[in-house]
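Student: Take a look at the letters that make up each chain.
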Amino acid sequence: MSNVLEIKGFEVAYSTNRGDVKAVRGIDLDVRRGEILGIAGESGSGKSTLAVALLRLLKAPGKVTGGSAMFHPAGRSPVDLLKVHGEELRVLRWSALSYLPQGSMSSLNPVMRVQDQFKDVIIEHAPERKDSLGELVPRLLGQVGLEPRVARMYPHELSGGMKQRVLMAIAVALEPDLVIADEPTTALDVTIQRVILQSLADLRTDFGVTLMVISHDMGVHAQLADRVAVMYEGRLVEVGDVRQVFKNPQDAYTRQLIESIPKLGRRAS
Amino acid sequence: MTAEAPPVVAVDKSQDSAPRSGVRAWLSRHPLAAYSIRRLGLYLVELWGALTITFFFFRLMPGDPIQTLIQTLQQNYIYNAQASAELIARYQQEFGLTGNLFSQYLKYMEKLVLHGDMGPSLINYPTPAQTVILRSLPWTIGLLGLSAVLAWILGVVIGAIAGWRRGKLGSRIATNLSIALSHVPYFFVALILVYIFAYSMGMLPARSAYDSRIDPGISLAFIGSVLKYGLLPGLSIVLIGTFSWILSTRMLMVPILGEDYLVYAEAKGLKGWRILTRYALRNCYLPQITAFGISLGFIFNGNVLVEQLFNYPGLGTTLVTAIQQLDFNTILGVTNIAIFSVLTAVLLLDLLLPLLDPRVKYWK
Amino acid sequence: MKSELELRGVQQRFHARGVAEGYITAVDDVSFSLAASPPQIVSLVGQSGSGKSTIARNVLGLQKPTAGSVLYGGKDIFKLNRAEYDEYRRDVQPVFQDPYAIFNPFYRVDRALWKAVKKFKLADTRAKGLELIEESLRAVRLEPENVLGRYPHQLSGGQRQRIMLARVHMLRPSFIIADEPVSMLDAQVRKHFLDILLDFQRQHGMTTLFITHDLSTVYYLGGEVMVITKGQIVERGPVSTVMHDPSHPYTKLLLDSIPQPDPDLRWTSRIAVDELEHVDDSTPGDTTKPEAPII
Amino acid sequence: MRLLTAVLRTIRNSRRLASGLAILAVMVLLALFSPLIVKLIGGGKDPIEVAAYEKWLVPGPGHVLGTDQFGRDVLAMVVKALSVSLQIGAIAGVISTVVGVIVAFVAGYKGGWIDGILSTFTGILLVIPTFPLLIALSAYAKNVSLFQVGVMISIFSWPFAAKTIRSQVLSLRTRPYVDLARVSKARDLEIIVTELLPNLLPFIGVGFASSALGAIFGLVGLEVIGLGPGGVIDLGQIIFNAITTGALTLGAWPMFVVPIVLLTLLFAALNMVNIGLEEVYNPRLRGVAGE
Amino acid sequence: SDGGSYSDKPANAKPAATKSIQIGKANIPVPREQTVIVGQVEYTVFDSFNGMIPNGNPSGAGVELATEPLFFLSFATGKLTPWLATEYKYNDDHTELTLKFDPKAHWNDGKPLGANDFRFTVMALKDRPELFGGGGELKEFVKTVEVPDPQTAVVKFLKPTPRFHYNFIAAIAGAPNNILPEHIWKSQDLTKYKDNPPVRSGPYKLKQAIRNQKMFVWEKDPNYWNKDKLDVKPQYVVFQSTSKQLDQASLAFERAEFDVGSIDTQHATQLSNTGYPNLVTTQFHDPNPRVMWLNCDPARGVMAEPKMHWAINHCLDREKIGTSVWDVKVPPAIYPWADYPTNDKWKNDELANKYKFEYSLEKATALLDEIAPKNAAGKRTYKGKEINLEIITPAQVDKAEYAIANVLKTDLAKVGVPCTLRSLSGSVHDEKFQRGEYDIDSQWAGFAIDPAQLYTDWDSSKAQPIGKNAANKNKMRFRDPAFDEIIRKLTGMDPESEEAKPLLEQALEIYFQKLPLLPVIQTGYPQYFNTAFWKDWPTDDNLYEVPLNWWPHFIFVLAKISATGQKGPA
Ligand SMILES: Nc1ncnc2c1ncn2[C@@H]1O[C@H](COP(=O)(O)OP(=O)(O)OP(=O)(O)O)[C@@H](O)[C@H]1O
Ligand SMILES: Nc1ncnc2c1ncn2[C@@H]1O[C@H](COP(=O)(O)OP(=O)(O)OP(=O)(O)O)[C@@H](O)[C@H]1O
Ligand SMILES: [Mg+2]
Ligand SMILES: [Mg+2]
Ligand code: NI
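Residue numbers (the numbering used here), protein chains in the order written: chain A, 1478 to 1746; chain B, 34 to 397; chain C, 79 to 373; chain D, 1266 to 1556; chain E, 1106 to 1675.
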């Protein structure tokens, strides 16, 4: 199986007035094409930092202090995500590397209709598809279980679950190679969460995208991921097949993490 | 699939327990209409309140306007002019100064509301105050309105860029200049501009509104002349206005920059200017529109002195002249016009805003 | 101080323009009672916006219900005389959802504790008060020297939430109204916190109304559970019964939606979007939309 | 004590706030010692008495900034005027802030019809152009003193303070810590004073600063039409003098430049304090806005 | 002490008087080289010229160039020039006045002007007190006006008066009553008619009144009736408001955008010191000395004491005020009238010496110690009450009258009399002044052609109690039975007659003793003219009657100047 992304010795630090705080400390991680990779770890372990840095959205005072992340988009030459700049980076974005942010409430521009937020990326990255917008947007929305009329609505008219699904639809609009989803369900109710997780799984089957799903909820990983990477204090303590991580954790921390999950002790029906 | 709640049985007493009469039900089904009606009601209340307050303010002020008039004339003609009791009585009648304060008020309001009549002006007796005001109104609207809008546009755009490219040298200069200058009174700047462009360089005229060799009318020469003469006063309003808009826009912009949707827009790989205009600016110009309506009033205050300085034939100059001769009707008229325009502007903006900004919760 | 808290036909409506009726009903004819003895833990679960916090506010006397009444020792809490009111306040204390906003950012965290000491006359001297505070902090497994004198932003969410617990420990009310106290906490801290609550029940005989949307915590706490949806309590019973044998379809759906932390127990069926009915889960306090969202 | 440390903490966090305060402090000191300085300049006689010296003297060793059209020492006038301008700013600032805060708290915390009435009234006052009314008032109040002018100006500036603070109160009163205080048996007044007020300090500060600015400028405006308080000279009056006498073309630049520079500096300082406070207290601006 | 004044420049920096000036583009609608441009006050009225409506007539706008009196009086020379009328004659007991009109005279619409217009005017105004200028003396004295022929009018009086013709003399700023063209006005409502454009008789006619430019354009009337006697040179005269900022105003003057006015003393001095070649300065005295009105009403406490008036007099440093406060150096005033040669006949140096005006704080202290000794706390008291005077003035705080009062206030403080000084705006001042609610009022004197006319206002019968409006008479509430007696005798007499002389002297002595009106300084009004376009302006030696442009006498100036040939800028 080929890798979409190969991360080597990745380091990120935040400079504070008490010196640099290392949030990500030398991570080596491969993401295989077509898989769903779960990133687990408690709050503050550096999951978001990792994602944001990979997406090159890291803002001061954060800075990448080392490592490389070779990205292999289909049909393009591989690039080091940590080195690309300017126009090259901009073109890469969305068409090859897209993002499903956590803050579904606020990631949509409140003063633009949903369809216009689709239009944005298409005009920017795939102008040739502009004419088929009228057909494309409803199709994408339908893919995540939304009615076509949602396209004409404003974000504040949508519920959280709907917004999250709109974001998912936008994320796959250009059929990117890799989608990084940072806590896609934490803000949502369990019932909606389940729907979203289903849709995420569908994305892979329907579009064949590779997904990197970040969550601190081990349940989410258990339900969704193919492989799970566990982070602790900025380090990767364990990567493995989901079954192996849950059933036979190698690392002491992972074990502790799995054990501290309150169990319902009841089989799902 | 709107959640249709069951029809209400009158259970709740403390809250809204009215039966669903036709109008009420209709209104609650048409929130925009309900909002507009309520907003209009508030507008009328505010208008009435403001007009009433100003009326009583001016009437409670000492100094008999008729006496003032006589006195002014004495100063002008030096002779001890004969101001007989008869003359004073006649004028008091005409200026609506007879009867008790309350009946004066009723009479004033009646004339104002029903006939748009503000009574005779003192500075230009017997021309009615509204005529005096209407004569100067176009100049003020032209000068103040144009430059206020210009200042707003410039300020919002520059402010947004300054916030957007914060940390860059240009933005820092713009920001710090704004901090230093945004509260400087208009006429300070006006003075400095006059000194530089009119006195030292002699490039631009420092007073009046057009070249009197050109006959007023819709001709190219006249319009050119008006623009040339309006440049300095306009510039002084635009400059300072721009600075304060820069400052407030930047203050609005900075928190917006932290918003997730901007990060998201960046992640989408959109071009910088597109993010600025479609995402950042669109979210901060809307609150600034409301602010603009409210600010009109202050610009009016500042404008008085600028017009005065440039001898511009606008409302400000009329106001100052009226004040100097305690011309009640004209002062009141100008004040009322200002109140009316500010309130109306704010009303229109408030009614317009729900159309511009989908987030505005007009039913609140 | 053995009393009883009872809700009788409590209904809470909020003005909301833009909906057809002009208001929304957040709590709809809710009745239940909590006994101080024997100490118990009663959980209230329901999705976001189902009216859980509103019930908590009603019980705490922070919001007067539009209909029905909250009774403390058989009397309406909004009609208590001074002595009764003091007793009620002393006896019913909250732990709130958001550990970040519960502290006034302007003051040190000590103040919240000192205020309790002073207002409820827990100690007559400063030294005794301090002793009490330190004891309570230790009881919630906080080192007094690590938290006293700090400002709220210098503490972690878990620490802050535990200070609120220390406050409750100090006050020893008969009733704790805990509104989603753990939703913002990590799994480990969360477990810790729940242990303390259980400890309170056992050692100090406090009855807790535990509000949450997380069924696993409910399961962990045990006791009784009430399921609320759209302002109505649809199911009530011992945790084990409700969890193993839910009678209301909503409870079933809820139980079904919890992701099992076991890759072998993946969902096999799909739930349809329609099943969720109209649920506004996005922005609590913002259901007043001109058009109802569709899901 | 706690307040002091909080204030110090705040200042340390913002360079802008610190420099604004420093400029203000220098000005306040200058104003405080103005009687002394004026005396020093006069050397025995009152340097701002009419015809104390020859008129229109150019700046020189005897008169650092020259004299004006009535033979008064401009430096002494400027120093004196600065203290007057600061006084008026302080008076109006305090009054309008206090009134504004009270109205805002009553309206915002109590809500209901009280809020309705107060807010409508505030709204009405907000749209009345203050300038003509100020003039009317100063003509009305006979023998106005500096303090009275301050009061008059604040009549029209409190609504601004009230408006901004009210909206803050509205958002703050639903904060959980208010609920916590309520279950801790705190009474309304106590909650307002101890829980809400401290958190509104930056807004109150901003309100104070803008009222003070408004008052100083308002007084300048009054002076321009000769309705200022009798017997005092403020910065606006010196500028007005400079304008009407055409000091600029005469070459008497100090009469024009010095007060304008002082006023601009004062405006800038207050502005810096405003913005500094906002930055420090608004966590979203914190760090982000600090360039 | 230091580097001197802003207006002096070192002599060596003085360029030659031929220094060329930069001529600016005046904002006028007529050819510059045919026009005299006069800088003037703020105008508000542009569409009405009816002087019988309060504010129905713009002042200082050049209406004087179109309006002629029956007689001109020059204060400087004392010469009375017959104009529309050729002579006036009273009968012996002053009960009848005969006026002869110039047969050539006609209005600027070509209709003849004469006794009929005079009769119309007098009769129209006589019984119309609600008109501005109506009632008054006309009502008090006139019984009928007869017109035996179109050039002769005979006024029959109700009671004798030697002063009725004063009403038709332009002594300063226009006659109290100007005659109106009967053919225009007889069909009009006097209270409403706007008289626009005005039908008058002067050498100029109104061409345009431009509101937005604050400008009046007057054009030479080719059919002017008195061309032979008076041929005005400029084709146009433009009266325009100048900027309130002296910078701007004087700059406009410097660039020759104005020919008359529009510059202040300080800037003018500076200009001439820097060698500006086109400035002509002409000194002129205003007929109106600056004075302090002193309240004489007993209700004002210590102010009613003549000694108090004298104490105040001793505190007035007229020297300093004349040098440092007024724009130009001016002499102190001792008599309540201007120091024109023509007025010298009313002076009495003997009396002036007896009641010597001198600045002496010691004398003031001595007087004050008599009437208002200091109490234990060191405060002066009068009848047990601490004294505190209220000085008011209609002048703005940056104006001379305020500054004068300020100098007085400072000196009064030195002798232990605390004062409050207030500049009051228009009507607020007027109300206080008319109601006698002040102690000292610093302003101008008012004007009279002879002292008896002035004294008439000071009659006890006209003194209202404090709080009641004085209607412009005896605002200082002066009461003196002996003085009343003298006035009564003087009213019917020709003031220049021998019998009036001792009476006037007695009155003057009472005036000196009581000082209800305290003269401070004579007022100098230097006039500034620009020679870029027009030369031969009046000079100190030859004023051409009066150089002030807001007086009707200005037509004599316009007749004597000549164009320089300078062309206006393109
Ligand atoms: N702007 C910042 N400045 C300083 N430190 C930061 C900043 N942002 C994050 N950190 C630190 O970096 C570390 C990693 O943070 P990160 O947000 O990546 O954690 P996370 O695993 O996503 O946690 P969570 O589950 O709470 O989202 C934390 O210790 C955090 O305190
Ligand atoms: N003060 C208020 N004004 C108007 N509506 C309110 C108010 N408080 C709550 N509501 C509405 O009442 C309903 C119930 O809200 P409540 O906060 O009780 O839900 P919850 O179950 O606590 O949700 P969450 O799990 O998100 O905390 C919601 O629809 C909410 O929008
Ligand atoms: Mg994170
Ligand atoms: Mg809740
Ligand atoms: Ni314990």
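Any given hint could be a false lead.
[Stated by the list, open to error] Over the 12 angstroms line for every Cβ pair with chain B, so calculated as not near, a few chain A residues:
#, residue
1, ASP1497
2, ALA1537
3, SER1583
4, ASP1593
5, ASP1597
6, GLU1601
7, HIS1602
8, SER1609
9, ARG1616
10, PRO1625
[Stated by the list, open to error] Straight-line C-alpha distance at most 16 angstroms; calculated EDC-like pairs for lysine to aspartate or glutamate:
#, chain 1, residue 1, chain 2, residue 2
11, E, LYS1264, E, ASP1214
12, C, LYS197, D, GLU1455
13, E, LYS1312, B, ASP248
14, B, LYS304, A, GLU1565
15, A, LYS1724, A, GLU1736
16, D, LYS1450, C, ASP164
17, A, LYS1499, A, GLU1483
18, E, LYS1425, D, GLU1314
19, C, LYS269, A, GLU1519
20, E, LYS1231, B, GLU119
21, E, LYS1130, B, GLU292
22, C, LYS196, D, ASP1311
23, E, LYS1459, E, GLU1610
24, C, LYS269, A, GLU1736
25, C, LYS196, C, GLU209
26, E, LYS1504, D, ASP1453
27, C, LYS142, C, ASP188
28, A, LYS1596, B, GLU299
29, E, LYS1519, D, ASP1311
30, A, LYS1724, C, ASP106
31, D, LYS1450, C, ASP106
32, D, LYS1450, C, ASP107
33, C, LYS142, C, ASP107
34, C, LYS197, D, GLU1314
35, E, LYS1434, D, ASP1453
36, B, LYS304, A, GLU1601
37, C, LYS193, D, ASP1380
38, B, LYS304, A, GLU1519
FYI, nobody ran anything at the bench for these hints, they're computed from the structure. Even for Gly, the Cβ is constructed at its ideal location relative to N, Cα and C.
Student: Hints first: check each against the structure and report whether it holds.
Tutor: Each hint tested on the structure:
1. ASP1497: 20 angstroms, holds
2. ALA1537: 9 angstroms, violated
3. SER1583: 4 angstroms, violated
4. ASP1593: 8 angstroms, violated
5. ASP1597: About 6 angstroms separates ASP1597/A from the closest Cβ of chain B, which leaves it inside 12 angstroms; violated.
6. GLU1601: At about 5 angstroms from chain B, GLU1601/A fails to clear the 12 angstroms cut-off, so the statement is violated.
7. HIS1602: 6 angstroms, violated
8. SER1609: Nearest chain B Cβ is 19 angstroms from SER1609/A, so the label holds.
9. ARG1616: Correct as stated: the minimum Cβ-Cβ distance to chain B is 19 angstroms, above 12 angstroms.
10. PRO1625: 16 angstroms, holds
11. LYS1264/E / ASP1214/E: The given pair, whose Cα atoms are some 37 angstroms apart, is violated under the 16 angstroms limit.
12. LYS197/C / GLU1455/D: Holds, because 12 angstroms separates the two Cα atoms, which is no more than 16 angstroms.
13. LYS1312/E / ASP248/B: Satisfied, since the Cα-Cα distance of roughly 14 angstroms is no more than 16 angstroms.
14. LYS304/B / GLU1565/A: Roughly 12 angstroms separates the two Cα atoms, so the pair holds.
15. LYS1724/A / GLU1736/A: The hint holds at about 11 angstroms.
16. LYS1450/D / ASP164/C: Holds, at roughly 8 angstroms.
17. LYS1499/A / GLU1483/A: 21 angstroms, violated
18. LYS1425/E / GLU1314/D: Cα-Cα ~12 angstroms, so holds.
19. LYS269/C / GLU1519/A: Given that 16 angstroms is the threshold and the Cα spacing comes to 14 angstroms, the pair holds.
20. LYS1231/E / GLU119/B: 13 angstroms, holds
21. LYS1130/E / GLU292/B: Violated, because 57 angstroms separates the two Cα atoms, which is more than 16 angstroms.
22. LYS196/C / ASP1311/D: 60 angstroms, violated
23. LYS1459/E / GLU1610/E: The hint holds at about 13 angstroms.
24. LYS269/C / GLU1736/A: Answer holds: LYS269/C to GLU1736/A is near 11 angstroms, not above 16 angstroms.
25. LYS196/C / GLU209/C: 14 angstroms, holds
26. LYS1504/E / ASP1453/D: 56 angstroms, violated
27. LYS142/C / ASP188/C: 30 angstroms, violated
28. LYS1596/A / GLU299/B: 15 angstroms, holds
29. LYS1519/E / ASP1311/D: With Cα atoms ~12 angstroms apart, LYS1519/E and ASP1311/D stay inside 16 angstroms; holds.
30. LYS1724/A / ASP106/C: 45 angstroms, violated
31. LYS1450/D / ASP106/C: Cα-Cα ~28 angstroms, so violated.
32. LYS1450/D / ASP107/C: 28 angstroms, violated
33. LYS142/C / ASP107/C: 14 angstroms, holds
34. LYS197/C / GLU1314/D: Measuring from Cα to Cα gives roughly 62 angstroms; hence the hint is violated.
35. LYS1434/E / ASP1453/D: 70 angstroms, violated
36. LYS304/B / GLU1601/A: Satisfied, since the Cα-Cα distance of roughly 8 angstroms is no more than 16 angstroms.
37. LYS193/C / ASP1380/D: Violated, at about 30 angstroms.
38. LYS304/B / GLU1519/A: Roughly 35 angstroms separates the two Cα atoms, so the pair is violated.
Hint violations for this structure: numbers 2, 3, 4, 5, 6, 7, 11, 17, 21, 22, 26, 27, 30, 31, 32, 34, 35, 37, 38, all remaining hints satisfied.
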